[in-house]
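K.L.:
What follows is each chain in one-letter form.
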Amino acid sequence: MLTPATNALVSFDNIGIEFDGRTLLSDINMTIHQGEIVTLIGPNGSGKSTLIRTLLGLQQATSGRIQRHAQMRIGYMPQKLHIDPTLPLTVNHFLGLVKGVKKQEIPAVLARLGINQLAKKQVHFLSGGETQRVLLARALLNRPSLLVLDEPVQGVDVSGQIELYNLIASIRDELGCGVLMISHDLHLVMAKTDTVVCINQHVCCSGSPQHVKEHPEYQAMFGVPGAEDSLAIYSHHHDHTHDEEGKVMPNDSHSHCNH
Amino acid sequence: MFDLLFRALLGGLGVAAVAGPLGAFVVWRRMAYFGDTLAHSALLGVSLGFLFEINLNLAVIALCVGLALVLVTLQKKHIIATDTLLGILAHSSLSLGLVAVSFLDNIRIDLMAYLFGDLLAIGTQDLYWIYSGGLLVLALLALFWKPLLAVTVNEELAKVEGYPVEAIRLLLMLLVALVIAVAMKIVGVLLITSLMIIPAATARKLSRSPVQMASVASLLGCLAVSGGLLASFQWDTPAGPSVVVCAAVLFLLAYSLPLGKSKNLTRP
Numbered sequence: 001m002l003t004p005a006t007n008a009l010v011s012f013d014n015i016g017i018e019f020d021g022r023t024l025l026s027d028i029n030m031t032i033h034q035g036e037i038v039t040l041i042g043p044n045g046s047g048k049s050t051l052i053r054t055l056l057g058l059q060q061a062t063s064g065r066i067q068r069h070a071q072m073r074i075g076y077m078p079q080k081l082h083i084d085p086t087l088p089l090t091v092n093h094f095l096g097l098v099k100g101v102k103k104q105e106i107p108a109v110l111a112r113l114g115i116n117q118l119a120k121k122q123v124h125f126l127s128g129g130e131t132q133r134v135l136l137a138r139a140l141l142n143r144p145s146l147l148v149l150d151e152p153v154q155g156v157d158v159s160g161q162i163e164l165y166n167l168i169a170s171i172r173d174e175l176g177c178g179v180l181m182i183s184h185d186l187h188l189v190m191a192k193t194d195t196v197v198c199i200n201q202h203v204c205c206s207g208s209p210q211h212v213k214e215h216p217e218y219q220a221m222f223g224v225p226g227a228e229d230s231l232a233i234y235s236h237h238h239d240h241t242h243d244e245e246g247k248v249m250p251n252d253s254h255s256h257c258n259h
Numbered sequence: 001m002f003d004l005l006f007r008a009l010l011g012g013l014g015v016a017a018v019a020g021p022l023g024a025f026v027v028w029r030r031m032a033y034f035g036d037t038l039a040h041s042a043l044l045g046v047s048l049g050f051l052f053e054i055n056l057n058l059a060v061i062a063l064c065v066g067l068a069l070v071l072v073t074l075q076k077k078h079i080i081a082t083d084t085l086l087g088i089l090a091h092s093s094l095s096l097g098l099v100a101v102s103f104l105d106n107i108r109i110d111l112m113a114y115l116f117g118d119l120l121a122i123g124t125q126d127l128y129w130i131y132s133g134g135l136l137v138l139a140l141l142a143l144f145w146k147p148l149l150a151v152t153v154n155e156e157l158a159k160v161e162g163y164p165v166e167a168i169r170l171l172l173m174l175l176v177a178l179v180i181a182v183a184m185k186i187v188g189v190l191l192i193t194s195l196m197i198i199p200a201a202t203a204r205k206l207s208r209s210p211v212q213m214a215s216v217a218s219l220l221g222c223l224a225v226s227g228g229l230l231a232s233f234q235w236d237t238p239a240g241p242s243v244v245v246c247a248a249v250l251f252l253l254a255y256s257l258p259l260g261k262s263k264n265l266t267r268p
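These protein sequence lines are chains Y and Z, in that order.
The numbering of the first sequence is our numbering, which starts it at 1 and goes up by one.
The numbering of the second sequence is our numbering, which starts it at 1 and goes up by one.
Next up, chain Y with everything else stripped away, as it sits in the complex:
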């Protein structure tokens, strides 16, 4: 637990990033508090990943600054895990690589995520959902006060996605940590998120999920929910389609927000 009066873990102050003369992000202002789940949404190429890479120190911002809480520890869950097939590695070995982790800490985390049985499995043979849980375990082993999750439900079916979001929310309740995650789709995540920040090179809108859903800029990007079907609990508007394997295929026809 973090002590000081302010419970802000991270604040982005006017963050701007340019690369090769192209503006990837401009004027990003955003704060993540202790115990808060913030979801970043936005179309492909909107700069979501760039923004979290800046937070992680993997990329430099060209303007603005990021204020980090002095005692903040980040647990990072990358989008994918590529490990060279020539490297034999079990889940246990993979998790043991966390800096400063002791072997005895691993079983408890595996048990918490319901993946005890994977401990001795080779990382190359994990399914999509298993990989996501192993990556989450690695993030947790870093004893985070902020979890940064880059598309944590990628490659997982819908029921698995709901399960993972529930798991993330209950971990937040247990640890009291902040959570920053990237999502493609607001509908599944909205029940489990406190704040939504919709970005497309800049912050289009932000606030509670309900607020963002009704915001014109969000609707311009993702469509008006429920407009065409009054029976739908939530309609599934995408800026992309999926191929047979469930991989995301970019779809050029989606509308951008313009200014």
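All the given hints hold, so there is nothing to weed out.
Negatives, chain Z to chain Y, calculated, CB over 12 angstroms:
1) 53
2) 125
3) 174
4) 219
5) 227
In the DSSO-like style, the derived pairs of lysine-lysine whose C-alpha atoms are separated by at most 30 angstroms in a straight line are:
6) Z:146 to Y:102
7) Y:80 to Z:77
8) Y:80 to Z:76
9) Y:121 to Z:159
10) Z:205 to Y:120
11) Z:205 to Y:102
12) Z:159 to Y:102
Label-pair restraints from in silico Cβ distances:
13) Y:103 to Z:127: 32 to 40 angstroms
14) Y:85 to Z:74: 27 to 35 angstroms
15) Z:139 to Y:99: 15 to 23 angstroms
These aren't lab readings, by the way, just hints derived from the structure by calculation.
We treat Cβ as the ideally placed atom computed from N, Cα and C, and that holds for glycine.
Let chain Y serve as the given structure and place chain Z on it in line with the hints.
P.N.:
Below, chain Z alone, put in the same frame as chain Y:
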């Protein structure tokens, strides 16, 4: 004669033992071409050593380390693709080495010995170099095993968790440079990389963990050295190439015999 063979065997085993674990990293990180580049430049180190009359081992180590540093710097600038850069450095430094050798007219260098190694010419002083250098490399590997592995598995995760990624990457390059400098005597500049990657690639088939792969690679390397020397003694074949051929035979055996299958990793 017996003394000669014994020294050759001792030197070869020392080099193979170190080349194994380091070779595993070279395979995991796909650095084979990097190793080749350093090896090719070693000859330039030899000629410079003769020119300036400094210890040859020292000259080669200095040159390899220097080149590794140059490579890291150039790589960061993204001027050209890394494989192109390596190709340019490898062959221009090899050629420069050959040209430099031709200027040394009052000293006769056995070029073949440097290109293909001369196991049987290993002297007591070489053994000291091999074993002190080898122990240093092994000690550093053991000491930094976890960070080295963490950076190899996933650099971004390692960085977020607080590992000094750049420094670790540099350490690995320096270790490769050191091993190449030391191993040059055994198999020569053209064949060093094979002594690192072939046993490691063979070990992949037989192991289930990184530590296991590194140690099996060491053992297989020692086996290849012994086998190659034996063949060389028996049929009077060149020692260095015989060692490499022996390593390649072990590789083929591991991947074609069913014995590997029982421990095979393709079964979930």
